[in-house]
Each structure stands twice: as structure tokens, then as C-alpha cells.
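Using the hints provided, position chain B relative to the given structure of chain A.
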Amino acid sequence: MPWIDSGSSPAARWGRYQGSAASPYRVCVDLSGPAYRCSCPSRKIPCKHADWLLKLRKVEPAAEPDWVRAWLDERAARAVRRAEPKERDEEAAARRRERRAERVAGGVAELDGWLTDQVRRGLGTFERGGSSAFAAVAARMVDAQAPGLAAGLRRAGEIAGRGRDWPGRVLEELGMLHLLVSAHGRLDSLPEGLAQTVRTRLGYTVDTAGVLASGERVADRWIVLGVIDQVDERLITRRVWLRGQDTGRPALILSFAPPGAPLDDSLVPGTAVTATLAFYPGARAMRAIISERGELKPAPQPPGEAVTTALAAFADALADDPWLDRWPVVLHDVVPTRTDSWSLVDTSGDALPLRPYANPWPLLAVSAGAPLTVAGEWSAAGLLPLSCWDGERPVRL
Amino acid sequence: MKEWEALVSAALLGTARRPLDLSELPESVRGLVNGGDPERMLLSAAALLTGYRRAGRLPERDVTLLSRAPEDPRPVVGPDAAYRLAMLLFGERGNLLAEWLRTVHARGLRVPPERLPVLADAARGRPELRPLVAEAAGPRGPWLAALMPDWAFLAERSADPEVWTHGTTNQRHAWLTDLRTPDPDAARAALAEVWPSEPAPVRVQFLGALHTQLSTSDEEFLEAALDDRARDVRRLAAGLLAALPGSALSERMATRLRALISIRRRTLVVHLPAACDDAMRRDGVNPTPPRGVGERAWWFGQLVSTAPLSVWTGLGHPADELVRMPVEGCDRRLLILGWSAAADREQNAEWVRALLDGDTGLALDQVARLISALPRDQWATAVRPFLQDQLPTALVQALPAPWPADLGNLVLDRIASGGARGLAHVADIAAYAVPPECLDHALTRQVLEHDAAPWRRRLVDTLAFRRGMHEELP
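Protein sequences appear in the order of chains A and B. The first sequence begins at 1 in the numbering used here and counts up by one. The second sequence begins at 398 in the numbering used here and counts up by one.
Excised from the complex, chain A in its bound form:
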């Protein structure tokens, strides 16, 4: 075992690695980033030692040694310095904000005209696929710094001309884009939360420091419901769904990494973390970052709900944020089954379909026809199961 004195605390994981060098390297990972430090000469960040450290399976909880503490303190201090506003920056930032608002407004106006044109000419023109037409407008929305609009257009472009019910699904996407366009025109008169939701959906980002400083803070014991990695060409997006044990509140932690780089693996189904979350602003705030992280412990099965209860909660959330496209559900005593497609049935016979491309087999093999608790992401396309419980054993699907 080349590792000496490895250990972990809620904030960090560390160890000394005895490689070929005379003295061992000191390796430390700040889990809040995650951020990496290693005394090896490698320029790659994270270096292989930090990578291995994260992949070590047995790391005992321990008190942070001085060298780890010192580095964590140094990082915290740097973060505070960065967060301190400077007047000159303030002015420049205000100018940048103004310039961006103008460009977004230009983009929104252009999209409004384009949408109107499509409806006038008829969606039938997309019969033979329309992804290139959509991609061209999407690219102009990216130029206008409204990536949220671009994403909606690309989604519509992927649907157009494919499958039996494509016209309806494209019209849904275009309708929701139109709703965003008209909401942009009334941004000033919208309630603060909804205005934030609209800004987020347009593609405005809120920086982490701002969320930490002024976001809504909720302390709870957060049960991990499920984890899913979405792999795109240049980026892996990890979605971790949490639910507060006392508040019952859903929360979504996003993390990003280029393919091949490690993501924080500590939050897995079957665990719960005592933490204070800071929520991004919005009418139905769900995305959050972990502000103060406490103990991570194994957690029992989360209590689930019946299908109708889950759908009612989703409807309630849609009333706050009509663009909401993913909603975490925990269903108890459901059985996977197949009629026309795969679905989950609860004890009263109510069923939710699985998403068409979801792999049903691991869930089926665990269930073998018996009821179990399943956590997943509900969307208009169906349910994507993320985890289930085999008795008390949590299973990541």
C-alpha cells in the first residue's frame, strides 16, 4: 500500500503517497471544490495521485493534520478575497451587465420574429427534419448570450420530423419558448422569484459567490435520492438529487467536469449529508450548492409517495415554474411492468411510464416482480429511474 496516513474529514480527503521519490508526496483534495493539491512535480490538475486518492475505497475519518488545515485555510482566505467587491470592478461589471442585457433583448426580439414566421408558414416545413434550421437560430441565440433559448431550440430541432407525434412535441417546445419571450418583455413587472426563474431560463448565470452570499439557506439532513451523469462531447454534468429529511425540500446539486476528470463521488444513494445548502434564486428554487458540509452517513430508505401524490407535487411545482423539465420523485411499493412500454405501478394501480431510452433491466432484475422503492427524475417524456432499494440495500441504477 503506497498510501501513508490517509484520512478524510467532511471538508477534505488527504494522504501521503510513497512513490518513487525519496520522500512521500502530500496529496489533498478539498471536497467543496473539488480542488486539488499535491507536492508532486506534475503540471496536470488533478494529478494522478489526487485522482487515486479520490478513488481509494477505504479512507478512515480522521482529524485534519496541520498541513491539510493550513492549505484549506489558505484557500478559504483566497475565496473571501475574491468575493470582496472592488469599486472599479463594480463599474465595469455594471457596464458588462448592461451590454449583455441589450444583446439578450436583441436575441429575444429576433426569436420572437422567427417563431411568428414558423407558425405563419406552418410547422409542416419541418416534415423532413429541421435540425439545421433550428441550429442556425440556436447559434444566433448563443451569440446573443441567451444560451437558454438556444437549448430550447436545439431540443425542438432534435424532435422535428422524428416519431409519430413530433408536430405536437415541437409545438410544446415553441410554445414554451414563446412564453419565455413574452415573459422577457415583462421582466420588470414580474414578482422577484419568477423574474429570476425567467432570467435563469434565458441563460443568465448567477455566480457561486453570489449564491453563497445571498441565496436562501436551508439546513437539514439531506438524503441522496439519485445521481446521474449526462455526458456531452466536452463536458460531463452530474446531477445529484437531494431531499431534506425534515423540510421535505428537493434540491439539485450540479457539478461539471471534462470527460476523464473525476467528479465528487461522495454523495451516493443510500447516504445522507448534514449540511446547509444555499439555493440559487427562482420561483421554485431547486438548484443549490453545499455551503456548510457536515457529516456524511448511511441513510435508510427514504419515505416514498404514491404515483398520484408525486404527480400532484409536480403540478404544484409547475405552477411556480412552468418551464420546469425535471422533477425528483420517490415512489414506494411500485412494481416495474410492461404493457406497451415499461412502467412502474403502485399499489392502487396507478402507473407512470419509463422514459423511452431508460434501461429498465437492472431495476427489473432487482424487483423480480416484487414491489420496491424507486427514486427517479420525472419529465414529460417519462420517468428515468436513478436508484432503488433492494430491501435496505441502496442500488444505483
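The hints are simulated quantities; they were obtained by calculation from the structure and are not laboratory data. Note that the Cβ used here is the ideal one computed from N, Cα and C, for glycine as well. Among the hints, erroneous ones may be present.
[To be verified] Which residues of chain B face chain A? A partial, calculated answer using Cβ under 10 Å:
(1) V405
(2) S441
(3) G448
(4) R450
(5) G453
(6) R458
(7) S464
(8) A466
(9) P467
(10) V473
(11) P476
(12) E511
(13) L513
(14) P514
(15) A517
(16) E692
Frame of chain A; chain B shown alone:
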């Protein structure tokens, strides 16, 4: 929802072609979209209806439930072993999957069920894994196979007599093999019942099941099969009868052979058979030699390998003397090969030792076959003389794994002391072939130098990996 359908067709056609008619819309929606140009009104109505449709979505009803698989009482392996399985499935050590599955089964444990689909897919491409995965799946196997035809092999183990009459050929074969061990007579009787109506390839496959628990009660059935219309069935039946000590066929072979051999002045004198008559053919002698082999020598070789070895010792000399005797009338190698086959079939330790000691010029893989015919506690002694400066890769490779522990330690000791050719090859084989008892060998506790040979690192890594694997499965 017909309002939505109407809106979709309006959008498909385009407002330029047909004036927009929103009178169908519900009151609440109409009130919100009135005013503005028709295109924006249509889009607003679409957004509103989308919201209503998403929020008001009802659960599906009247779905059919699947049947429930019987309970599997075996406990699931622990989290460390479950993690190890993921490494075997998605990492680089897939060749240890079979050993892992066998160990899990031997411990009375089961695999985490969520891994069964991946395991079943892996077994589709690796048939040797199929029985192991079926075993691991337990009662879930047939349940999953009913949903996914690609995994039919998960349903092959069933004691249900329906399977014998209505199953697929593979399922029926598995049923027959499963029955043969506990009740050999019932298995033969089941086979006899369907025998006349099965096609030839199926008869061959099923007849092979009689290899296990072969006894004199099978003789009548097999003797009848010697007159089968298919050649492959006849040959297989002859092979089985030859393997049956004291069978009429092996008596007939013995009689034929006895007439051809004798000892004169401490020399083995052989007369090659003059013809291959119908009776010989019926007893499974293949009349057509391969290219380059004389036909009389070819027939004689078959007699030597199928007749009982007692014919030879009946000449009045023990095996070790016979093996060393000069031979007249045929090539000595013909006898050596025939004796080897017979000694392997009879698991005759006296003949095996005589052939191993007798300067017979056998190839290493044939030596390995002979050694594996010995009782396992004699393997190490038999292999020891071969572990010289040039390690016998072909021999080590052909010995069935897992080896007996003393053989494992012997080979690892030889590797540890080094200074031989072929170390890398033998180490790569031994890493997987030594049994679990050898995984703690002193070799694994040596600290490797930075410039240690890659094969040495591979050996130590593999042994350590396997040790971890077995420790996690108590």
C-alpha cells in the same frame, strides 16, 4: 385532448393558409390569449395548453402486472465483493469472472441482482460463463429469460418434466444432464423414450449426457445404438462402451488385440490387422486413415487405444517393462500413443507412471493429459522432474486449473527461485491456475524493485487481486 389536436394541426398547416379559429379553446385559456396577431395567439395558447397538459397528466391505468419470481434465499454478497464485481465487469480482469462466480456460488451467496443483466449480456458472448451466470441468477434467471429472449440460457436449468417434452434442445440437454447425476437410470429411460424421433445431431448431443455415471445398466441401450443410422451416433456409442469396464465391446476389442500381439525373447511382436471387417466398423473403428497414415497401422492404433490395458499386462509383464520393451512389427510411437489414450480413459495410475518414466518421447501436452489422469495428490510429484532450466510452458498450460495446492506452491517456489527460461510464460499461467490456498505465497509479500520484470509485477498483482477477491467472500 381534442383542443390540443386542433391547435397542432393549425400550427402544422400555418396561419397563412388557414385563419386561426380559437373558439374550440376552453374559456380560461381563451381569456388569456385574446388580442395580438394570430401567430402569437396560437403560440400563447400552445404554451398554456402545454402547462395544463403537463400539470394535469393522469397516471396510466389498467397495466398488466408481471408474475413474481420465487424468492432467492441466498444472501447478497457484501459491498466490497459487489465493487469487485464491477471491476471484473467494467475493468480489465474479465478473465477472473468465472472464478468469482464459482466462489460466490460455493459460498451460498448470490450476486447483486442489478448486475444480472450485464452479466447475462457478457455471457452471450462467452458461452463458458452461461451455466455460471444461470446459477448466479437463481430463480430470477427463468423470470428474466421470459422477458428477454436473448437470455434464454438463464432458463435452461429446470427440473420440470415439461421441459423435457416441450423445451428447446439446449434446455432439454440441461434437463437431462441435471437428472443424470441423481438418477442415471431415469435419465437413460427418458432418453430411450424419445430416441427414435430425435434428429441425428440431437441424438449425438443427448447421448453425450451418458458420460456421467456410466454403468453396465447403460450397456444394452448403447449396444443398440451401435446400429444407429447416423455414423456420429455409432462412434459416440462405441466410445462410451469402450470406456465402460467389462463391456461386451471392450471384450471384443480385447479379443481382436490379443490375436495380434505376443512377446518373443523380451520383444513385443505386433501383427497389424489384415482387414477392417464389418464387426470392427460396428464397434466404432474408423476404416479410413488420414492422409499419410497406413491403413493397417491406423486400424491397429484404434484397437490399442480402445482395448483394456489388461490385455497387455496379460502377456505376463508389468506396465513399466512393457513400455521399455523393443517393438517389432510396428512403430513404437503407435503403441505409446495408444497406451496413453487408454491410460487416460482408464485413469490407470500404474500405466501413467510407466509412460511418464519410460522415455516415451511424448509431447508436453500429452504428458499433461497423462498427469491429469493421476489422483490429484500425485500431480506435484509427477510435474517436479519437468521443472528444470527450461520451464515446460506447454505442460503447465495443459494441466486443468485450479491446480492442487502442493503443485501450485511447487510452481510458485520454482518461479521465486528464478534462473530459468520460460519464467514469464509459466508465471502468467500460474497466476490464474494456482488454487486459493496458494494466494498467500511468500512471493506475494516480496517488495518489488522498481526495475522488476513486468511479468513479475503481473504475477504479484494478479495473486494479490485474487486473494482480495476470496477474502471478500467469506
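Legend entry - Hint validity - B:G453 Cβ closer than 10 Å to any chain A Cβ: Result: holds, 7 Å to nearest chain A Cβ.
Legend entry - Residue hint B:P476, partner chain A, criterion CB-CB below 10 Å: holds (9 Å)
Inset, instruction - Mind checking the CB of B:S441 against every CB in chain A and telling me if the closest is under 10 Å? - result: At 7 Å from the nearest chain A Cβ, B:S441 passes the 10 Å test, so the hint holds.
Legend entry - Interface restraint verdict for B:A466 against chain A (beta-carbon cut-off 10 Å): holds (4 Å)
Legend entry - When the least beta-carbon distance from B:V473 to chain A is tested against 10 Å, hint result: Because about 7 Å separates B:V473 from the closest Cβ in chain A, which is inside the 10 Å limit, the hint holds.
Legend entry - Given hint B:E692 near chain A, where the shortest CB pair must fall under 10 Å: violated (58 Å)
Inset, instruction - Please verify that hint: B:P514, Cβ, nearest Cβ of chain A, below 10 Å or not. - result: Since chain A brings a Cβ to about 4 Å from B:P514, closer than 10 Å, the hint holds.
Inset, instruction - Grab the minimum C-beta distance from B:R458 to chain A and call the hint holds if it beats 10 Å, violated otherwise. - result: holds (6 Å)
Legend entry - Given hint B:L513 near chain A, where the shortest CB pair must fall under 10 Å: Holds: closest Cβ of chain A sits about 4 Å from B:L513, inside 10 Å.
Inset, instruction - Closer than 10 Å between Cβ atoms is the bar; does B:S464 clear it against chain A? Give me holds or violated. - result: holds (6 Å)
Legend entry - B:R450 as an interface hint toward chain A, with CB separation required under 10 Å: holds (8 Å)
Legend entry - Restraint outcome when B:V405 is required to lie within 10 Å of chain A by C-beta distance: The hint holds - B:V405 has a Cβ within 10 Å of chain A, the shortest such distance being about 5 Å.
In this structure, only the earlier hint numbered 16 is contradicted, and the remaining ones agree with it.
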